[in-house]
Amino acid sequence: MSNAGISAGNQNHPIKTVREAINEALHQEMERDPTVIILGEEVAGGAGCKGSDEAYGGVFGLTKGLGPRFGRGRVIDTPITESAIIGAAAGAANTGLRPVAELMFVDFIGVCFDQIFNQAAKFRYMFGGKATTPMVIRATAGAGLRAAAQHSSMLHPVLTHMPGLKVVMPSNAYDAKGLMIQAIRDNDPVCFLEHKLLYETSCPVPDEIYTIPFGEAAFCREGSDCTIVAMGAMVPRAILVADKLAAEGIHCDVIDPRTTSPLDSEAILESVEVSGRLVVVDEANPRCSVAADISSIVAEHAFSALRAPIKCVTAPHTPVPFAPNLEDAYMPSEARIEQAVRDVLGAR
Amino acid sequence: MSNAGISAGNQNHPIKTVREAINEALHQEMERDPTVIILGEEVAGGAGCKGSDEAYGGVFGLTKGLGPRFGRGRVIDTPITESAIIGAAAGAANTGLRPVAELMFVDFIGVCFDQIFNQAAKFRYMFGGKATTPMVIRATAGAGLRAAAQHSSMLHPVLTHMPGLKVVMPSNAYDAKGLMIQAIRDNDPVCFLEHKLLYETSCPVPDEIYTIPFGEAAFCREGSDCTIVAMGAMVPRAILVADKLAAEGIHCDVIDPRTTSPLDSEAILESVEVSGRLVVVDEANPRCSVAADISSIVAEHAFSALRAPIKCVTAPHTPVPFAPNLEDAYMPSEARIEQAVRDVLGAR
Amino acid sequence: MKYSKQLLVEAYKTMTTIRQFEERMIKEFMAGNIPGFVHTYDGQEAVGVGVCMHLSDEDIIGSTHRGHGHCIAKGCDIELMILEIMGKSGGLCKGKGGSMHIADMDKGMLGANAIVGGGPPLVNGAALSMKTLGKPDVAVSFSGDGSSNQGTVMEALNLAGVLDLPHFFVFENNHLAEGTGDEYAVSGGIAERVRAFDIPCDKVDGTDFFAVYEASKKAIKHCRSGKGPYGIEADVIRYDGHFIGDPQAYRGEGELEYLREHKDCLKIFRARVTSEGWMSDTELDELDQHAADAIEKGVQRGLAAPQPSADELYSDVYSSY
Amino acid sequence: MKYSKQLLVEAYKTMTTIRQFEERMIKEFMAGNIPGFVHTYDGQEAVGVGVCMHLSDEDIIGSTHRGHGHCIAKGCDIELMILEIMGKSGGLCKGKGGSMHIADMDKGMLGANAIVGGGPPLVNGAALSMKTLGKPDVAVSFSGDGSSNQGTVMEALNLAGVLDLPHFFVFENNHLAEGTGDEYAVSGGIAERVRAFDIPCDKVDGTDFFAVYEASKKAIKHCRSGKGPYGIEADVIRYDGHFIGDPQAYRGEGELEYLREHKDCLKIFRARVTSEGWMSDTELDELDQHAADAIEKGVQRGLAAPQPSADELYSDVYSSY
Ligand SMILES: Cc1ncc(C[n+]2csc(CCOP(=O)(O)OP(=O)(O)O)c2C)c(N)n1
Ligand SMILES: Cc1ncc(C[n+]2csc(CCOP(=O)(O)OP(=O)(O)O)c2C)c(N)n1
Ligand SMILES: [Mg+2]
Ligand SMILES: [Mg+2]
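Top line first, the protein sequences correspond to chains A, B, C and D. Take 2 as the starting number for the first sequence in the working numbering and just add one per residue. Take 2 as the starting number for the second sequence in the working numbering and just add one per residue. Take 507 as the starting number for the third sequence in the working numbering and just add one per residue. Take 507 as the starting number for the fourth sequence in the working numbering and just add one per residue.
Some hints here could point you the wrong way.
[As the list claims (entries may be wrong)] If you want a taste of the chain D side facing chain C, the calculated C-beta under 10 Å gives, among others: (1) 611; (2) 623; (3) 655; (4) 659; (5) 663; (6) 690; (7) 691; (8) 692; (9) 699; (10) 704; (11) 732; (12) 734; (13) 735.
[Said to hold, decoys possible] Straight line, CA to CA, 25 Å or less: simulated DSS-like cross-link-like pairs of lysine-lysine: (14) C:511 with C:773; (15) B:51 with D:773; (16) C:709 with A:51; (17) D:773 with D:519; (18) D:641 with A:131; (19) C:773 with A:51; (20) C:511 with B:131; (21) C:724 with C:709; (22) D:709 with B:51; (23) C:511 with A:51; (24) C:511 with C:724; (25) C:773 with B:131; (26) D:641 with B:51; (27) D:613 with A:131; (28) D:773 with D:709.
[What the hints assert, rightly or not] Listed next, the stretches of chain C that the computed footprint assigns to chain D, with coverage defined by at least 3 CB atoms under 8 Å from CB atoms of chain D: (29) 634–645; (30) 649–657; (31) 702–716.
Quick caveat, the hints were computed from the structure, so don't treat them as lab data. The beta-carbon is built from N, C-alpha and C at its ideal position, and this holds for glycine as well.
Whole structure, please, built from the sequences with the hints as guidance.
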């Protein structure tokens, strides 16, 4: 575990958004390592049109500037063909490159899932350690932009379930940069999930290259009354709740695992050993979620420390609705997180 | 919850295997309801060859005899084209049919996952209740046949995670028949997972049509010392352990949820309220598994009854290895289940 | 006169409704009255209308992320569409679907689809129902040039060919997929690809309502008569951005102006019917006005409508756990 | 004489090795010495060998569930293959992969693949590496007739076309996919499909080593010279069941006997080289015997080898949780 998290960027460092931090990480790694390539739809800017070939940089602009800087040999626009994109990335990773494939929305795993979980994820194991597949799958995830049922899912539980995949969910710009650089250097396939609502959030981010190791949680707040574990866009919400409660004298650990696979279960267990209380906040659907996963780890390994039922604050077991009022009710809110903390504090 | 389970078929009923029971269910429902169709690879027997067009009945023989009986208009052989198979089933379900699509191995969800989780599963919700998608996806699942990493997965946690899908995992022939008939009549998409190791297991199965409702667990054994929850091929193993322990005077509830979505959490919670101890056995990989899911439900809702840590007995976080000794070690064994029960009994 | 007055009126009325509907959606989106991602169909009206005029409520269409025009052409109520697009109670999908997930089973509209290539496999299913139940109906899928590269679409073509399904594949080649041109992304050609599955496929000028109408007539007749699937590739233009708000930097200097001047299917229709003496400008203007009024009414209703009630979050799905 | 003796020897040696290897695997499987599902390549030897004789270890192939022949043709050690197929320690993948997941990165063998259509997208990746790193190598994917219907394969064709990848697509049309014939399952034709992606594709008699050899030579030259992908559709036969143990009821009366008599690529090769006077029966018999000896040695080693050690279950994956 580490104390990095949101405050880790020193105040002297320039303020950058998550979008800028990821873009910078991509720039720096491509600069450093000629085997890093990028591929996906419009990642280089678009192609075959009459106007600018730099209209886009990925539809969310994350790869902006990379095409002009590194050329279309290394920043590769593709047709709409996700199976072929992920497959090409995996096969290239097996043969000397370090591809970063953009899946655009994580919801699109459905059309390329075989190449992710059955191919890329399994090569190392099923080929007896003789293949390495150093690739990153970048995708935007989560609700909040009224993008409706097929563009708003989280899906990290599905990816976390899969042996051979690593799953990264940065909650802030500092982590995003360090985790992206780590992801590119990692020798296993890494799913890097960028929450839509976080792209414009910012914090101090060093200009230098740095990495954040996988499987090291960040303690965003510290306190011994309750342990709150939250991921991605849920982290800022959990922090707000913790700060509000702190003003009342209730002090919570807010743990951001940063990677759900590998998971820093030690950090969580140690915290619960002290607090005896756990609230897990997960934007995903509840069944077989990472919330459930963390809850079960604690129920098995820190049982005797537990002084209250474990509370999971998640989305309901429904697709993401379009109507804004329903979508807002779908996502775990600060109010629901706060209530959960009060519940576990009030319990026997 | 119910007392059906393995003993529910009356001893006067003929003995049938899981394979026969499912085949019979398909026959009877197709007979009763002309809108039921079957589609998949070789489900009608194969086509376009020089020899018999009834060489197969699905590669595992589950649909044997249906083609000759109901004709190729209703039992439809397809190319190797899983996205198109599931899509056709879903679109047909929206427009008046009740298709049963055979996916052969559940591992193949990777090439058609979008049609499952993003399309079929979401129609009812995202179209505001105005679409119904009464379809069944049949697939064989699980390890034990040395079919290696891409033909041995369980994947029910991934399907259980998805709102809009129902997930069925029969553990015996009696349940298989009743659950299949229910699945065909259900108005939501149902994933029906048939464990490879169970096809040849048998028990008394009535010739008559009957249904088993979803979300009703079966108590396969009863006892107040410990609650064991197990699914699919893990159920017979859990029963063997329970019977062995019973001889020592240790009595366990063995609960087979039969459907993981919907899940009969009441049955599990009520049992744990009495026993205070829980072992969940799940052949899937551990992270975000149904084992974790059930554990978290109990840790939240029956916490005060718990007298010991919850134990999950699962596969390791690895793909399924090919070598028989490794595959055997991969699957939760009776020895591991027994140890887990003894552990929770021995705990504080 | 080759076409009945009724047909001409119907065609223009539907096309101008779509055009104005989309223009209004852009305005309302910009005013903050529409949440989310919206892809407008303006520019492609002649295709949706030229195809759907051959269809009854029993026939089925499957649409794309760019689905408003298909909905209107298939007869969906525009007020209920507006409610849906605004995420309001009473919308076609109770406000739970939005622009990318409009469906209307009563009108044979199987749904927009926010997954590129998601539709054609499903439309095969509708066609399979028709075939299995012995109905003379036809199922139509709409796909784009970008979508033609998705494996699901190619699988759907093959399965339709294998099972001889009454599936009419309509490819609207507007030469853009977001900011990627078909010239870059489609190796070979769309119609050639369709034909390689042994499915007849005609190329048609998608800015000419009459060309689409005639090609569809032939194709749909083929499908209805049990001869299996048929395809068209319609050469068409996108009149606006990929989504509302798209700055369209991938457009060439003056490209959009040129297309709007010379490739606007509404202008082309008007020029044809007036020069042939089939309809007068006044008649056409009146139809424009009727459409405008209907849309205005729908927008006002949409703006005034309440949000879905909070418990809609949990309805229409088995959600206990 | 058009072909060097060395080439002829090499070709026959590899083909007879594959044939006898597969026949032995069937025997060992039936004797209970091989677990799982095994799909043999016998009958298709001329394709794998005719293609791979043009390749070095730097070139890459991606295989299918029916991969033994491709492995042997690409130079994998048959003893290590046998260890793998038997699930033993020391196998090419430590016994963790098995017949359907043999890979050998050192030999440019990217892996068998138990998912139909799983390979071609990956082989695009290998081709992309070559192109990006400026290497003159070629990447080859093998697919079946059944596999040609999988969306992933068609997507791979398009992407290879778009990016001009040095990807040689080899379709082995043995006219069967399990118990489904291409006549039923492939709407249109495979070569026609490939060409519709603007990828040149030749049809070739896959039972004739020399035909495959020449077609591959041309195709691979095309790929290596930066002209983009190329395809062949090889008309070939499956000499045995889909998997070992398959009763093959879908075969016609006398079909298999006919194929083995008239379409056996080894017999055809032998007839050609002896009638041309390029090789003698004695030479060929000797090569048969060498192969038999090598296989016998491998099988004995396989039978005697230990299982993988128990801790291999947890190695080669990040497995803590
Ligand atoms: C599987 C998938 N990949 C990518 C996207 C993002 N996306 C939405 S529309 C679109 C372009 C579609 O192009 P085309 O099929 O030509 O239709 P058009 O937008 O021109 O109507 C893309 C890439 C998506 N929604 N689904
Ligand atoms: C995605 C997927 N669908 C189905 C299967 C089951 N399966 C294995 S091999 C095979 C037939 C493949 O036919 P073809 O591509 O012609 O290869 P061949 O067996 O003739 O070598 C099938 C259906 C699979 N392994 N993967
Ligand atoms: Mg387009
Ligand atoms: Mg074949």
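Hint by hint, here is what the structure shows:
no. : hint             : in the structure
1   : 611              : 27 Å, violated
2   : 623              : 9 Å, holds
3   : 655              : 5 Å, holds
4   : 659              : 8 Å, holds
5   : 663              : 8 Å, holds
6   : 690              : 7 Å, holds
7   : 691              : 6 Å, holds
8   : 692              : 7 Å, holds
9   : 699              : 5 Å, holds
10  : 704              : 4 Å, holds
11  : 732              : 16 Å, violated
12  : 734              : 9 Å, holds
13  : 735              : 9 Å, holds
14  : C:511 with C:773 : 18 Å, holds
15  : B:51 with D:773  : 23 Å, holds
16  : C:709 with A:51  : 23 Å, holds
17  : D:773 with D:519 : 13 Å, holds
18  : D:641 with A:131 : 22 Å, holds
19  : C:773 with A:51  : 23 Å, holds
20  : C:511 with B:131 : 36 Å, violated
21  : C:724 with C:709 : 13 Å, holds
22  : D:709 with B:51  : 23 Å, holds
23  : C:511 with A:51  : 40 Å, violated
24  : C:511 with C:724 : 21 Å, holds
25  : C:773 with B:131 : 37 Å, violated
26  : D:641 with B:51  : 46 Å, violated
27  : D:613 with A:131 : 12 Å, holds
28  : D:773 with D:709 : 21 Å, holds
29  : 634–645          : violated (count 0)
30  : 649–657          : holds (count 3)
31  : 702–716          : holds (count 4)
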